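Going by this note's numbering, the sequence shown opens with residue 1, and the numbers climb by one from there.
Rather than coming from a laboratory, the hints here were simulated on the basis of the structure.
In this text, all values refer to a predicted model and were calculated from it rather than measured experimentally.
Where hints are given, some of them may not hold.
The list that follows gives simulated cross-link-like pairs (lysine to any residue, SDA-like), each with its CA atoms no further than 20 Å apart [to be verified]:
no. : residue 1 : residue 2
1   : 156       : 26
2   : 385       : 361
3   : 215       : 247
4   : 156       : 243
5   : 271       : 281
6   : 590       : 110
7   : 490       : 501
8   : 131       : 572
9   : 20        : 4
10  : 651       : 210
11  : 159       : 179
12  : 243       : 347
13  : 590       : 615
14  : 283       : 243
15  : 490       : 159
16  : 651       : 45
17  : 159       : 361
18  : 766       : 805
19  : 651       : 624
20  : 241       : 364
21  : 590       : 614
22  : 471       : 384
23  : 241       : 269
24  : 142       : 501
25  : 373       : 485
26  : 156       : 485
27  : 499       : 509
28  : 373       : 361
29  : 44        : 20
30  : 655       : 625
31  : 215       : 590
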Amino acid sequence: MSISFENQKIIPVDLEREMKKSYIDYAMSVIVGRALPDARDGLKPVHRRILYAMYEDHLTCDRPYRKSATTVGNVLGRYHPHGDASVYDALVRMAQPFSLRYPMIDGHGNFGSIDGDPPAAYRYTEARMSKMAAYMMTDIEKETVDFMPNFDDNRKEPKVLPSRFPGMLVNGSSGIAVGMATNMPPHNLTEVINGICYVIDNPDAQMEDICQYIKGPDFPTGGIIMGRSGIRAAYATGRGKIKVRARTEIEEMHNGRQRIVVTEIPYMVNKARLVESIADLVKNKRVEGISDLRDESDREGMRIVVELKREANAQVVLNQLFNYTQLQDTFSVNNLALVNNQPRTLNLRELIDQYIEFQREVIERRTRFDLNKAEGRAHILEGLKVATDNIDRIIEIIRASANESEAKTNLMAEPFIINQIALLGIVGGKENFEFHLDEPQAQAIVNMRLGRLSGLERQKINDEYDEIESKIRGLMEVLASRHNMLEIVKKELVEIRDKFGDERRTQIEAVDNEIDIEDLIEREDCTYTLTHCGYIKRTTTDTYRSQRRGGRGVSAMATREEDFAEILFTASSHDNILFFSSLGKVYRLKGYQIPETSRTAKGTNVVNLLALENGETVSAMFAISDYDESHYLFFTTEQGTVKRVALSELKNIRKAGLRALSLNEGDRLVDVRLTDGTQNMLIVTAKGHAICFDENEVRAMGRSAVGVRGITLEEGDRVIGGVRARPEGEVLTVTENGYGKRTPVGDFSIHHRGGRGILAHALNDKTGNIAGTAVVDLDNDVMIITDDGVLIRTAVEDIRQCGRNTQGVIVMRTGDDVHVNAITRIQKEEDEDPADIENPEETSEAEVEHGGEQE
Numbered sequence: 001m002s003i004s005f006e007n008q009k010i011i012p013v014d015l016e017r018e019m020k021k022s023y024i025d026y027a028m029s030v031i032v033g034r035a036l037p038d039a040r041d042g043l044k045p046v047h048r049r050i051l052y053a054m055y056e057d058h059l060t061c062d063r064p065y066r067k068s069a070t071t072v073g074n075v076l077g078r079y080h081p082h083g084d085a086s087v088y089d090a091l092v093r094m095a096q097p098f099s100l101r102y103p104m105i106d107g108h109g110n111f112g113s114i115d116g117d118p119p120a121a122y123r124y125t126e127a128r129m130s131k132m133a134a135y136m137m138t139d140i141e142k143e144t145v146d147f148m149p150n151f152d153d154n155r156k157e158p159k160v161l162p163s164r165f166p167g168m169l170v171n172g173s174s175g176i177a178v179g180m181a182t183n184m185p186p187h188n189l190t191e192v193i194n195g196i197c198y199v200i201d202n203p204d205a206q207m208e209d210i211c212q213y214i215k216g217p218d219f220p221t222g223g224i225i226m227g228r229s230g231i232r233a234a235y236a237t238g239r240g241k242i243k244v245r246a247r248t249e250i251e252e253m254h255n256g257r258q259r260i261v262v263t264e265i266p267y268m269v270n271k272a273r274l275v276e277s278i279a280d281l282v283k284n285k286r287v288e289g290i291s292d293l294r295d296e297s298d299r300e301g302m303r304i305v306v307e308l309k310r311e312a313n314a315q316v317v318l319n320q321l322f323n324y325t326q327l328q329d330t331f332s333v334n335n336l337a338l339v340n341n342q343p344r345t346l347n348l349r350e351l352i353d354q355y356i357e358f359q360r361e362v363i364e365r366r367t368r369f370d371l372n373k374a375e376g377r378a379h380i381l382e383g384l385k386v387a388t389d390n391i392d393r394i395i396e397i398i399r400a401s402a403n404e405s406e407a408k409t410n411l412m413a414e415p416f417i418i419n420q421i422a423l424l425g426i427v428g429g430k431e432n433f434e435f436h437l438d439e440p441q442a443q444a445i446v447n448m449r450l451g452r453l454s455g456l457e458r459q460k461i462n463d464e465y466d467e468i469e470s471k472i473r474g475l476m477e478v479l480a481s482r483h484n485m486l487e488i489v490k491k492e493l494v495e496i497r498d499k500f501g502d503e504r505r506t507q508i509e510a511v512d513n514e515i516d517i518e519d520l521i522e523r524e525d526c527t528y529t530l531t532h533c534g535y536i537k538r539t540t541t542d543t544y545r546s547q548r549r550g551g552r553g554v555s556a557m558a559t560r561e562e563d564f565a566e567i568l569f570t571a572s573s574h575d576n577i578l579f580f581s582s583l584g585k586v587y588r589l590k591g592y593q594i595p596e597t598s599r600t601a602k603g604t605n606v607v608n609l610l611a612l613e614n615g616e617t618v619s620a621m622f623a624i625s626d627y628d629e630s631h632y633l634f635f636t637t638e639q640g641t642v643k644r645v646a647l648s649e650l651k652n653i654r655k656a657g658l659r660a661l662s663l664n665e666g667d668r669l670v671d672v673r674l675t676d677g678t679q680n681m682l683i684v685t686a687k688g689h690a691i692c693f694d695e696n697e698v699r700a701m702g703r704s705a706v707g708v709r710g711i712t713l714e715e716g717d718r719v720i721g722g723v724r725a726r727p728e729g730e731v732l733t734v735t736e737n738g739y740g741k742r743t744p745v746g747d748f749s750i751h752h753r754g755g756r757g758i759l760a761h762a763l764n765d766k767t768g769n770i771a772g773t774a775v776v777d778l779d780n781d782v783m784i785i786t787d788d789g790v791l792i793r794t795a796v797e798d799i800r801q802c803g804r805n806t807q808g809v810i811v812m813r814t815g816d817d818v819h820v821n822a823i824t825r826i827q828k829e830e831d832e833d834p835a836d837i838e839n840p841e842e843t844s845e846a847e848v849e850h851g852g853e854q855e
């Protein structure tokens, strides 16, 4: 039997859809409103509301303690529509020195212990803000943060606290949301501030540079972090596992026996349960050799004593305790925080960047508030100056008025002819100015005491006016520059560091079996190849055997029909490989980070290795071993533009890339060369022209500069290479149809940059245009690759030396519709068998097909 009502309206709802919607709403409420901290101040809503309620109640560190029950009630009644237990638990944790590295609450009474003892009820304990917590509220009254309505729209609460010090990093956070959780370790305040200041001074700082300042987590309970691999993973990705051990000592007892003394335990480990677990191990005989176990901890510090039997080996017992108990524990890092109300996993650099940008915004808003206030006061002082300069007329107007309202109206209607008064250009340079008071100024004059008319008081007005004028100029100077605002952020952080900074508590120890990834990778010379379609691979250089000129080559890679090898060079597997993109950005990988493949493999698409934007492609690759301060990178573009940048400018390349140069529309990068500031540079074009000039004709520029004219091109011509013209070297040019020659560098006379150049290679239909160029020595080999993926390695000495105005000889036989695409110079292997070079004709057909690997 169904019950119905008159005029009832039933809306059928799909249960599954409603469950999904309701659960998503609940999940987002927990994620955003309860469980996850904001990346800016590092606080969850309950912590933020507790601190703000205490700030409203003036419970600062210089005021008397107040019952925790009062604070909990105020938080519940004003801002937090949840249970009192959640508020008191959060308040207690902020007061525990073993939970927070820098407690936010100064508690009075029993706030629990590291043994897991519960705190006293909130009717017994008292609390106030700590000295550090005061810096969370600094300048909040100056509109530095946004406010929002509370749950019943009767009050406003801050969306985030100004957080003068980096609470997220120094105190960490933990919380379990719906489908996600956060667990962020605390750090040392001094180290964090030093790291933030370094990033402010070096915006392109790399992770390894930041880690020179921020060594690792610093837990309030001390302990020892075993190894740095977990720290590196957590800092690089936002996730990692850090192994933490208790601090222990092995002491000799008077009776000849030994004892293990524990003075620090891993973070968040319950000491009482730890002692109990050791006792259980002894009881169950899983660990033998322990004769007595005592907890001698007191107000002076922690001390757990494990006495050993006479025949026991102390180190063996200790290792067993590390293995079976929480004397060794793992802290799982998951840096999950809210960024624009969206949960994100942040690495160390992103956490620092979030804090820096937030503090810059706080400084900007605070400065604008102070500026508006100063300008308002200056405006009033202008009116008072007018009044003191025209006091007789002012008194006459007021006396003639029937009431205060009429007096204000008459004052505003009266024109005052005054001498120049200037405040940041408000009046300008006029000597006599007709000035009208507005309502705030007229009100200030009406309210002015007669005592302000004395000469001394008039001088005070002038002095205050001058002081505010100077203050306004200073505030406007701050707002004019991001750099100025960040300098203030840095200055205020240093003040906090000097006041509250302390020594690190947690020691970081290297472990014997912790090996850096580079220690596992053999250092070897490799060939790096990038195709037109963006496939990159690394192959050991000795895969290719040297052949005489005119050989057919070996297959270098398997490419699609429309793909071909575009960039080729050799470098060590431990070198830094720089990638210069079509958008003028530079990226960096270690050589070994590029997957090694067989000679004929297609490789890996470069978009899987680099954070390229949509439409961005790699235009050039370059290998360096270190960042020498005296070296430069010389850029050459297809349209003949050149640019020189100090190598050190590209030292701090982030994963997202770094701006290396700006390109004109339609231009692209064709070559990048490393120089030492004393080189001559040679630019060669596809139609056979070349120009040689001193690199110092191109001044060193910033990363974002476009560059200057290197060579003037004929119509339809383009630059195919920009190389260093070493005096002892020879210029090797190879054409599209496989013709090549080497010409002494001395045949290319030095000119000024920007000219049309001289002839470098005699070209015709048989030779085709120049495909590649390099400066070589006789002991070099050259690798030549075609657009269908065939590669030949030839000794330079086998290529004929010719003059500039010659077409050269065939160095590689190309088939129909196959052209040379690129060349690169490589060092000849010292242990090569001369027979392999002198008698390539004797090599079997199978050996040619497979690169001569059958020896």
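Taking the hints in turn, this is what the structure says about them:
{"no.": "1", "hint": "156 <-> 26", "result": "violated, 24 Å"}
{"no.": "2", "hint": "385 <-> 361", "result": "violated, 35 Å"}
{"no.": "3", "hint": "215 <-> 247", "result": "holds, 18 Å"}
{"no.": "4", "hint": "156 <-> 243", "result": "violated, 43 Å"}
{"no.": "5", "hint": "271 <-> 281", "result": "holds, 16 Å"}
{"no.": "6", "hint": "590 <-> 110", "result": "violated, 55 Å"}
{"no.": "7", "hint": "490 <-> 501", "result": "holds, 15 Å"}
{"no.": "8", "hint": "131 <-> 572", "result": "violated, 54 Å"}
{"no.": "9", "hint": "20 <-> 4", "result": "violated, 29 Å"}
{"no.": "10", "hint": "651 <-> 210", "result": "holds, 14 Å"}
{"no.": "11", "hint": "159 <-> 179", "result": "violated, 24 Å"}
{"no.": "12", "hint": "243 <-> 347", "result": "holds, 19 Å"}
{"no.": "13", "hint": "590 <-> 615", "result": "violated, 24 Å"}
{"no.": "14", "hint": "283 <-> 243", "result": "violated, 27 Å"}
{"no.": "15", "hint": "490 <-> 159", "result": "violated, 24 Å"}
{"no.": "16", "hint": "651 <-> 45", "result": "violated, 40 Å"}
{"no.": "17", "hint": "159 <-> 361", "result": "holds, 14 Å"}
{"no.": "18", "hint": "766 <-> 805", "result": "holds, 15 Å"}
{"no.": "19", "hint": "651 <-> 624", "result": "holds, 11 Å"}
{"no.": "20", "hint": "241 <-> 364", "result": "violated, 38 Å"}
{"no.": "21", "hint": "590 <-> 614", "result": "violated, 23 Å"}
{"no.": "22", "hint": "471 <-> 384", "result": "holds, 19 Å"}
{"no.": "23", "hint": "241 <-> 269", "result": "holds, 16 Å"}
{"no.": "24", "hint": "142 <-> 501", "result": "violated, 27 Å"}
{"no.": "25", "hint": "373 <-> 485", "result": "holds, 19 Å"}
{"no.": "26", "hint": "156 <-> 485", "result": "violated, 28 Å"}
{"no.": "27", "hint": "499 <-> 509", "result": "violated, 28 Å"}
{"no.": "28", "hint": "373 <-> 361", "result": "holds, 18 Å"}
{"no.": "29", "hint": "44 <-> 20", "result": "violated, 26 Å"}
{"no.": "30", "hint": "655 <-> 625", "result": "holds, 19 Å"}
{"no.": "31", "hint": "215 <-> 590", "result": "violated, 23 Å"}
In this structure, the earlier hints numbered 1, 2, 4, 6, 8, 9, 11, 13, 14, 15, 16, 20, 21, 24, 26, 27, 29 and 31 are contradicted, and the remaining ones agree with it.
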